[in-house]
Amino acid sequence: MAWDLDHQKVSRRHFLLDATGWLLAVPAAGFVAACTKARGSGDLAGDLPGEVPVADVPDVPQSDPGSDVPVTQPRTLSPARFLALSALVDALIPDDGTPGAAAAVAADYVDGMLGAFASGVPRIFAGGPYSGRHGGLDGFSTFVPLTRVEELAWRIRIEGTKGVAERQFARLDVGGIFDAVGELPGFLAKYETGLDDLDAQAVAQGYANFADMPVADRRALLQSGDASMDVRMAFEHAVEGTYGDPVYGGNRDLVGWKAIDYEGDRQPVGYTARQMSNPEALGPEGL
Amino acid sequence: MATPDFDVVIIGSGPGGGVAAYVLSVLGGKKVALVEKGRNPYPTLGDPVLRGSLFGNDEIKRRRYFAFQDPVIEPRVFWDPKAQKYVKGEVQGLGVCVGGGSVQYDGNSPRLQRLDLTAKSSFGDVAGADVVDWPMDYDELVPYYDEVERLIGIQGQQGADPFAEPRGPYPMPAGYPSRADLIFVDAAKKLGYHPHPMPTAVNSVFYRGRPACVNCGFCDGGCALNAKGSTGVTCIRDALLHGNLTLMDQCCATQVLCEPSGGKATGVQLIDRDGAVQTVTASQVILAANAIETPRLMLESASSAHTKGLGNGSGLVGRYLMYHKDFSLIALFDSEIRSYRGRCITKAIADFTVKPAGAGADWLRGGYVELGGQIQPVAFGAEPDQPWFTHKDIMIPGIQRRFMSAICMIAEDMPVKANRVELDPDVKDVYGRPVPRITYNLHPRDKRMADFYAEKLRAIATEAGANTVMPPTPLDANQRYFDIESKHLLGTTRMGTDAATSVCDPWGRLHEVENVWVCDGGTWPTSAAFNPVLTQQALAYRTAAHMLKPGDETSVIPNDTNA
Numbered sequence: 001m002a003w004d005l006d007h008q009k010v011s012r013r014h015f016l017l018d019a020t021g022w023l024l025a026v027p028a029a030g031f032v033a034a035c036t037k038a039r040g041s042g043d044l045a046g047d048l049p050g051e052v053p054v055a056d057v058p059d060v061p062q063s064d065p066g067s068d069v070p071v072t073q074p075r076t077l078s079p080a081r082f083l084a085l086s087a088l089v090d091a092l093i094p095d096d097g098t099p100g101a102a103a104a105v106a107a108d109y110v111d112g113m114l115g116a117f118a119s120g121v122p123r124i125f126a127g128g129p130y131s132g133r134h135g136g137l138d139g140f141s142t143f144v145p146l147t148r149v150e151e152l153a154w155r156i157r158i159e160g161t162k163g164v165a166e167r168q169f170a171r172l173d174v175g176g177i178f179d180a181v182g183e184l185p186g187f188l189a190k191y192e193t194g195l196d197d198l199d200a201q202a203v204a205q206g207y208a209n210f211a212d213m214p215v216a217d218r219r220a221l222l223q224s225g226d227a228s229m230d231v232r233m234a235f236e237h238a239v240e241g242t243y244g245d246p247v248y249g250g251n252r253d254l255v256g257w258k259a260i261d262y263e264g265d266r267q268p269v270g271y272t273a274r275q276m277s278n279p280e281a282l283g284p285e286g287l
Numbered sequence: 001m002a003t004p005d006f007d008v009v010i011i012g013s014g015p016g017g018g019v020a021a022y023v024l025s026v027l028g029g030k031k032v033a034l035v036e037k038g039r040n041p042y043p044t045l046g047d048p049v050l051r052g053s054l055f056g057n058d059e060i061k062r063r064r065y066f067a068f069q070d071p072v073i074e075p076r077v078f079w080d081p082k083a084q085k086y087v088k089g090e091v092q093g094l095g096v097c098v099g100g101g102s103v104q105y106d107g108n109s110p111r112l113q114r115l116d117l118t119a120k121s122s123f124g125d126v127a128g129a130d131v132v133d134w135p136m137d138y139d140e141l142v143p144y145y146d147e148v149e150r151l152i153g154i155q156g157q158q159g160a161d162p163f164a165e166p167r168g169p170y171p172m173p174a175g176y177p178s179r180a181d182l183i184f185v186d187a188a189k190k191l192g193y194h195p196h197p198m199p200t201a202v203n204s205v206f207y208r209g210r211p212a213c214v215n216c217g218f219c220d221g222g223c224a225l226n227a228k229g230s231t232g233v234t235c236i237r238d239a240l241l242h243g244n245l246t247l248m249d250q251c252c253a254t255q256v257l258c259e260p261s262g263g264k265a266t267g268v269q270l271i272d273r274d275g276a277v278q279t280v281t282a283s284q285v286i287l288a289a290n291a292i293e294t295p296r297l298m299l300e301s302a303s304s305a306h307t308k309g310l311g312n313g314s315g316l317v318g319r320y321l322m323y324h325k326d327f328s329l330i331a332l333f334d335s336e337i338r339s340y341r342g343r344c345i346t347k348a349i350a351d352f353t354v355k356p357a358g359a360g361a362d363w364l365r366g367g368y369v370e371l372g373g374q375i376q377p378v379a380f381g382a383e384p385d386q387p388w389f390t391h392k393d394i395m396i397p398g399i400q401r402r403f404m405s406a407i408c409m410i411a412e413d414m415p416v417k418a419n420r421v422e423l424d425p426d427v428k429d430v431y432g433r434p435v436p437r438i439t440y441n442l443h444p445r446d447k448r449m450a451d452f453y454a455e456k457l458r459a460i461a462t463e464a465g466a467n468t469v470m471p472p473t474p475l476d477a478n479q480r481y482f483d484i485e486s487k488h489l490l491g492t493t494r495m496g497t498d499a500a501t502s503v504c505d506p507w508g509r510l511h512e513v514e515n516v517w518v519c520d521g522g523t524w525p526t527s528a529a530f531n532p533v534l535t536q537q538a539l540a541y542r543t544a545a546h547m548l549k550p551g552d553e554t555s556v557i558p559n560d561t562n563a
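Chains as they are written, first to last, in this note's numbering: chain A, 1 to 287; chain B, 1 to 563.
Okay, chain B solo, but in the shape it has when bound (with noise of 0.2 Å):
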């Protein structure tokens, strides 16, 4: 048999797979290759000194999709709760580039609580959802959780979220807030809460060669600077100076390819940058282009040994997707707050997460609350919901800027089997591929759970001294139960013990392909209540351990924490 290409093929460049590069090449000496469908939007990567972006405070370039998925030539089709339709368009759109979803999030980095692994055992099973516990002990998730906060830089404050786990210092120290997160901070202490720096992803002080935030407020656009720790400039960038990694950008997989048993996975095809289709080979396949992309590919690649999609015996490749019920409410004050100046988050509470002394029996878990946010003028002004003829009475006051800041609860949703993705059987992207089908649709616990806590949010803005709050009173139910604004993508190649209720083991590696291992959310069997990327970094890192050192991962971190 021939000598493979490559020692790792890995499908996406982003939390995952970036940081599953950098352990395989750098510390497992691997010979790897990194497939990204999108562009390289960091022109110097690679080089030793220079550290070039082609990201800028640019509205427009955003809006149009510049390193992103784009609609137009990516359309998804997907399940409208309020038209009880399908529909085609944009929906959980993400970073279609080197760094993937860790390009333009906000950075928001904190790790899950224990409580978060053992939601069947914690809380209960629920009617019309499959929860289950994890097949892990958090402890074990800690050395990585260690080691991730290293590489790509943290910044946070030790000891400051009283429901957080132990755990030592923060690489860096928790940069300055900003107003539109400060103005909350006295009023949630007052109602007993315990406001705390978000741990985030942005240098708050020059590390590891890349500069502070300079507090720009663009971090949607992508980092201008690279002050932001995406796993392009940081994880990716240190394997290609290491030498190991092949970084095939403008390539999209299209096909795992397996041998005829269907044992054991080749490698991959893929339309390279100008069109034409290759095929990379590889001793192992790492999945890790997000938890819609994913079970995509997999179900693409069904075969004579395959029939229902690669490792999908089970048939729940691409079911229990969970994306986070995220819900908001906008606060308008009377004094200055120009939430553009900062990044997107500064501020958190975590007082939803745990079951308050004396709460009754409907205590519900929310989930973590990012306190503050922000809008840059065009994207506010050509919000779907503005009316054109009303325009300048909303923006020469300049309301959103000025006076707006928000609040965001992430919280855990139900892991429901009829949630998934599918293959559409007719509309096809620009590669001739077909798109993702997804449904999804909240569970009766989710409802109930924003009702909860809808009113508490609320009282942090009225209590922050907000003149109007939105939506009012009663939060409106479409707002409150239908809009996904959340693009946490989770679930849908769940991990666990049995291969008959799940689709990896406790690894990430696929039941029935030996050599094909899941590195992005679609691996959690619940979606847990907090921002998700820390752990799927961490998550990544303990997969590729144990690729290199099965049954002694931890002794894959360096003991050296200058490397």
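Just chain A, with the same shape it has in the complex (with noise of 0.2 Å):
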């Protein structure tokens, strides 16, 4: 879509036709819905989304003609633990009317930030000042190299203390005064385990796995507390994917946005003084 508050006429014919697009494409049911029908119409070549020969998998990932919500390779993930971390997302930030996090793709946001350190420049900092979207060269896909003391952060975050020396001064008992005990744990082991149990528990509720329970079923697993899963910080994560710049992964298409009425990142334009302040200027249709 052409997102261009200076090409007024441009601008608000394609922001109808994607209005009436979503309407009629995205499914009440969600992500699960679409890979269940996807895998039962033998629409791609193997079990969602992990079995695609390695060869046919692209850099990107694509949307899948066949079925109404985007199918994503995970880079970091087992194809079992992404396919369960698409149908946490998808709980969290339903499709249920208006896109949400599966259509948004938030789980390849997670899976890339899983799997930062895989990259020559981690995948952490986008470059600035500006996307091209607007003008300007795309600056934010050349991610910024990390100093000495960010990359440890984000080890940290990521792979948790995992009892390495130069990581011990963030372990969680560090001096005694609080609740917690032992090592920080990582992003990634959190999902990880927390995954696995989700699953687990959608097992013995008789589902052949968490993506397989219906999304009201999901979402009350996950309100019941009984959940091993950090919700909040997948809860973050998804808001993230959904609403946050897409040279990070999820965001697909700017659906986030879109689905919210945002117009996102404005450099090098900004807005007018029209824009800004006056009333008869604001939302998409009166620019």
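Do not take every clue at face value.
[Unchecked claim] Some residues of chain A that are not near chain B, with every Cβ distance over 12 Å (derived):
1. S78
2. A116
3. A118
4. G120
5. E150
6. E192
7. D196
8. A204
9. P214
10. A234
11. R266
12. Q267
13. V269
14. T272
[Claimed, not checked] If you only want the chain A side, here are some residues facing chain B, beta carbon under 10 Å, derived:
15. R75
16. Y109
17. Y130
18. L188
19. A227
20. E236
21. D253
[As the list claims (entries may be wrong)] Stretch by stretch, here's where chain B covers chain A in the computed footprint (C-beta under 8 Å, at least three residues):
22. 89-103
23. 133-147
Hints listed in this document are in silico derivations from the structure and should not be mistaken for laboratory results.
Nothing here was measured: the structure is a model prediction, and the numbers come from that model.
Quick reminder that beta carbons are idealized off the backbone N, C-alpha and C, glycines included.
Dock chain one against chain two, each of which comes alone in its own frame, and use the hints as you go.
Next comes the structure, spelled out in structure tokens:
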């Protein structure tokens, strides 16, 4: 979509077309229904999302023309865990009439973060100053090399302290005045154990796995407090993956921004005085 | 004795350190080392033509602590008054990068009022607090205000604030206001208040080689255009081009080194970007790391001559921590606001800083009021108070983006001796340094003040037509009394004439160490009722001018305003 405030007619027309498209295309049942449909109809070469031959997997996640929801290949998690992760973010921000985390492919955002150090330049901080969507060069795609301490910070976040000597200062129990004890677990371990537990609980309830559960049941499980998954952590990541810049994965085709009627990044054009201060100029139709 | 490496070494490149670096190296011709713990986010800084920035309209990068204090590697321990215990985590984080706290701030740059420097003589003693007058007169600050406003680039409207001290024109005209702020203007006027453009360190026009702001709304992530006048893209850039400044980014100072007698510093020890310990010697040392990090470094610099910490014979280093008591409300409207379009704050009122005619004996001085406020969607959606299971009910209608604005008061808080920064005995940061342990509780006067003004702020929002004001009346006591959102770090190395009751002299020099100076908010004896950065910069200019020409400080200010 041409999300350009300076080209009013084109922008407005595209907005309306896209909005209509969402209403027609997005299924209320969300990601899992789409997966089930794809599996059942044999639209893909294998079970979603990981059994497509490697040679056929593009670097950039692609949309599956045979379903209503984009399909993504995991880069970090196992296919089974990625399926559970996709079902998890879908449950947290469901596609319930408007696009949510599944349409935004927020699972790709999370998976990319967990595997940030697999890239030559870790994919933690996108570059600047512009995305290129509104003019100027795309600087976002050139990720910023980490400093020594930034790399340590993000290795601790993702991998945990794990007994590594230079990370011990960040253990939970340093100081002895806090409730938590032991090594600080990283995002990766928390997701792996949490997703496995979600699958196990789903199996205990008679489902094939967590992704097999209806979205309402998945939400109920997450709300029950019975799951070991750090739901708050996952939710914040789902929000980031739905409404953050697409350079990090997630927010596929700006679907998260469109869903909430938000223009996203605006540099280098910004907003005119009229767009800032005049209520008649507010909203995409008025631009 | 060996010649020192530098004439001056400055710890911290934020508002104070950046200005001091400019004055000493450009105007004073001194060989200056500027030690900055964080990265340089301006890849072409020092190039005469290019003006690069690694910042962008990118919420994720901001949430991942880019160029900011990261609590995983630099946690703090602080007193939680609600939980009644110390906790470890994120509190009062500021920019950790070249430019420091001037990078991600809103840019709000009001001057103080004369009253702010005379809290004791104007309003009297307050039990349980050590209220004092500043050891200088407001008029002394004026030439430094004028020059710093020109250097940094401040927009505003002369004469629009009837409570401001007399002044000349601003370097730049006020830019366009945002809808989030405008919506309160008529209501404030109707209630007898005096809304005016917020003086802001953001270009409204092309200024000194930097472009005008395009109002993208991402001020708090760092400016992509360099339209905001951080000290990085103003003073430090100018000083690098001049050639006398050595910028040592990614270098963390760990100790101020002294002669055995303790009367004179010889330099600083630091950990460089590769993790190696190095020593930088200098004839003068300036501490400008902020009012938490500077006392931390001073306490770490204890020696046989300074057993309680550098310059801490009085035992006051780290005490009298002030934040400002800010409290805010959120207002929802039926009409579109889209508060994310535009600079953070474009309108303000100062009516609550001056006693109105007819006010009773119970009147308390409040503070400067920011009209408006904004939040981007990831920050809002992931706010800790937002339950995940109702997320879309809030996000899809876009209440906070489309219909919400805010009002926030920046009010003076009391200098209380028990509010302090210490070194935590157990918790260390990534550099192996003991982290600051912060104890802060509101003084009863601060609570009375919050009670006094809560309904006045609410009345503005209601008059403006807000359909909902949060928190509801009465303001929830937890929010009103405990939530400290301000990052205005002040007071922990207070200046004064008496070495028994202050840490620095009236010029910012430590009473006990003749060549160590403080150029951050720590020197403030009282917190004043306005955003502090511009005054902090003016004070740093004044200190640096004194270092160059004691007794003739204002002669350091160039007459040629094109310099």
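Status of the hints after comparison with the structure:
1. S78: 25 Å, holds
2. A116: Since the minimum Cβ distance to chain B is about 10 Å, A:A116 lies within 12 Å and the statement is violated.
3. A118: Answer for A:A118: holds, closest chain B Cβ roughly 17 Å.
4. G120: Given a closest Cβ separation of 18 Å, the condition holds.
5. E150: 7 Å, violated
6. E192: 20 Å, holds
7. D196: 21 Å, holds
8. A204: Label holds. Min Cβ-Cβ 22 Å, cutoff 12 Å.
9. P214: 15 Å, holds
10. A234: For A:A234, whose nearest Cβ neighbour in chain B is about 9 Å away, the distance does not exceed 12 Å, so it is violated.
11. R266: 4 Å, violated
12. Q267: Not fine: 5 Å to the nearest Cβ puts A:Q267 too close to chain B.
13. V269: 6 Å, violated
14. T272: Violated, because the least Cβ-Cβ distance between A:T272 and chain B comes to about 8 Å, which does not exceed 12 Å.
15. R75: 17 Å, violated
16. Y109: 9 Å, holds
17. Y130: 6 Å, holds
18. L188: 15 Å, violated
19. A227: 13 Å, violated
20. E236: With Cβ-Cβ at 4 Å, under 10 Å, it holds.
21. D253: 17 Å, violated
22. 89-103: holds (count 6)
23. 133-147: holds (count 4)
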